[in-house]
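Go ahead and model the full structure; you've got the sequences and the hints to work with.
Given next are the chains, with one letter for each unit.
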Amino acid sequence: MNRITLIGAGILFTVIASLFGLVLIPSNQFESMQPKEFTNPDGSVVVYPTQLDSWREEPGSFVYRAMGCIYCHSQQVRPEGYGADIERGWGQRRSVPRDYVLQNPPYLGTMRTGPDLANIGVRQTSEQWHYTHLYDPQITSPGSVMPPFGFLFSTHKDVEPKSIPGIPVFKLPESYDYRPTWIVPNEQAMQLVAYLATLRQEHSLEEVK
Amino acid sequence: MSENRVDENRLIPDKSDTATRARIDHSCQGVVVFWYGSSVLWLVLGSALALIASIKLHTPGFLADAAWLTFGRVRPAHLNTMIYGWASMSGMGTLLWLMARLCKLELPWRRILVFAGLYWNMIVAAGTWQILAGNGTSIEWLEFPWMISIPLGAIFVMLIALTIHMLRNRKEKHLYVSQWYLFGATIWFPFLYLAATILIHSSAAVGVAKGTANWWFAHNVLGLWLTPIGLGSAYYFIPKVLGRPIHSYYLSIIGFWTLALFYNWAGTHHLIGGPIPAWLATVGIVGSMMMFVPVLTVAVNHHMTMVGNFHRLRSSPTLRFIVFGAMSYTIVSIQGSLTALRHVNETGHFTHYTIAHAHLGVYAFYTMIAFGSMYYVMPRLVGREWISSRLIKVHFWCCAIGITMYWIGLSWGGWLQGTWMNNPDVPFIDIVKRMVPYLWSRSIAGTLMTIGHFAFAILVWKMIRREGEWLVEPTLFSSDKESALPSETVHGEVAKS
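Just so you know, the sequences run in chain order H and X. For the first sequence, our numbering gives the first residue as 1, with consecutive numbering after it. For the second sequence, our numbering gives the first residue as 1, with consecutive numbering after it.
In case anyone wonders, no lab produced these hints; they're calculated from the structure. Each residue gets a CB set at the ideal place from its N, CA and C atoms; glycine is no exception.
Reference listing, derived: stretches of chain X covered by chain H, where coverage requires no fewer than 3 residues with Cβ under 8 Å from a Cβ of chain H:
#	stretch
1	71 to 77
2	132 to 139
3	158 to 172
4	184 to 194
5	203 to 209
6	274 to 282
7	430 to 438
Structure, rendered in structure tokens:
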């Protein structure tokens with residue numbers, strides 16, 4: 001009987017040791033990291049990382065989660081000389097723990113069926129591009145294997161929909177559909193695009209070596 | 001050596017034990033058949049989700065009109081039904097039966113265990129539904145929302161209590177190596193699951209530490225839950241079917257404790273090159289390299305047990321599946337250790353190479369061993385034969401060829417994908433397009449595996465409905481019964497004398 005207790009204790013000890021080593025100690029190390037203030041060239045002061053607003057940006061991160069974007073897109077730039085992330089223009093510098101202190105959880109991702117999105121807010125600033133790409137990636141990126149998210153839009157054929165203030169309307173290119181087609185994003189699509197615009201790791205942090 | 005043999009020979013009881021074993025098997029019947037049967041339902045559902053996800057990756061317009069069928073939901077739904085539905089439930093069935101057999105105890109707490117099985121099914125069903133409804137957490141391997149993952153903890157507390165209860169009251173004083181592994185699994189996994197759930201859903205871990213908590217957990221689901229169950233089964237069934245003791249008792253204990261010490265630390269190799277302190281990735285790499293010790297120990301031990309008996313793979317379905325799984329364990333572990341090296345990881349990470357590796361572990365290793373175990377256990381519980389050896393053959397070959405094709409196609413394609421991705425002169429969209437043929441090869445391989453799963457589901461269905469012959473001798477592949485019979489007689493054990 002003592003033997004069972006001893007084996008059980010040994011088994012438990014091994015896993016507790018790794019919990020401390022891999023999770024609790026690093027977590028303690030990150031806890032001291034806080035957002036920092038940066039002064040822009042025009043003299044204004046910004047805090048980075050920036051808290052998402054609760055109007056569209058934060059709900060947008062929930063849409064990102066609900067649609068499972070992380071299964072094909074990472075949000076981390078590898079260091080220089082390791083992979084080609086910086087050469088591909090996915091970021092100006094590697095990602096560091098401070099970039100993620102406000103993210104809960106961070107969408108680091110482990111797969112790049114599609115490109116990295118850590119800096120998509122810097123790399124692609126056109127809302128029109130984002131909306132048409134989400135509606136059907138084949139319009140902007142022929143050959144893409146990203147699923148179309150047409151269910152986040154209402155589609156209008158032949159007749160242009162009445163515009164409602166604050167809600168954009170986009171006309172699809174004629175090469176996509178011979179009938180004139182307009183798309184109107186729903187609230188979720190607008191939240192998602194607002195969230196994507198916040199993904200920018202552009203401030204230089206001194207811990208980036 | 002000779003001393004060990006005497007010791008280990010207790011595994012091979014003489015005929016007077018037949019009645020005891022029959023009584024133990026009978027006590028497991030309701031519970032284990034329920035857990036096994038449920039696991040097969042999840043296997044079929046998980047295969048359907050897998051195929052949908054696979055087809056979407058080369059034909060993105062497929063089933064694209066509904067949010068609940070989008071790739072980013074179907075893929076985690078596939079993973080969770082397979083891990084928590086198929087793998088965990090089949091593993092629990094085998095674990096309970098093995099524990100009862102090795103402790104020489106009738107299975108206790110049977111009503112609670114059937115209820116626990118029902119409860120587990122409901123949790124997995126609710127969790128899968130929540131993922132498809134868009135409430136998944138996007139934390140890999142922990143996608144069930146917290147209000148679904150926390151209640152699963154109740155089962156784990158019961159499971160730990162049950163294992164300790166059985167071990168303390170065991171009638172067979174000798175602890176066989178399988179019991180070490182199973183005991184390990186029942187402590188590790190509940191601890192991991194509860195700790196990770198709390199860390200990730202509370203503010204106990206900050207920022208990137210949630211990422212390391214994620215991979216500490218996810219890697220250990222395979223390493224400290226499915227692996228010990230799989231190895232515990234292999235350690236039991238290989239000597240059992242062959243009717244000879246395991247090669248070395250000491251090697252198996254070394255293998256166990258080195259696994260316990262090193263596997264825990266390997267998880268952060270999923271974040272090499274990521275935004276974590278360098279020492280944290282290095283720890284993951286060292287842990288992964290040290291895994292060579294337990295892996296080679298187990299490989300040598302199993303191989304030396306098999307030596308001279310490979311012809312038996314022709315006749316015994318159990319042995320064929322389990323040896324396939326045990327060999328895959330060696331391959332997947334060596335591949336995993338090498339993949340953790342920075343240079344290999346630079347190319348293999350973020351690509352389908354990793355997906356291929358994960359399936360080599362959970363499928364070619366764990367799932368094949370689970371199939372083999374069920375082929376052995378179910379007839380002894382139900383008292384009937386498998387209805388058709390031809391269907392077993394269909395099952396084996398579809399799965400074996402399917403997973404081999406899956407692994408080769410995606411490892412090869414994934415490696416190229418990584419090479420191109422690290423070459424900034426190749427436009428990203430070109431990589432996407434060049435990957436399409438490899439993704440097709442996965443859909444074809446997946447279809448084969450699914451056919452195998454349907455064959456297995458039919459067999460299990462007929463078994464539960466007791467449509468087979470009365471169990472007199474086990475279903476074997478060949479009519480070469482003279483060579484096969486001595487090891488698998490009425491209640492399966494060896495009358496070696």
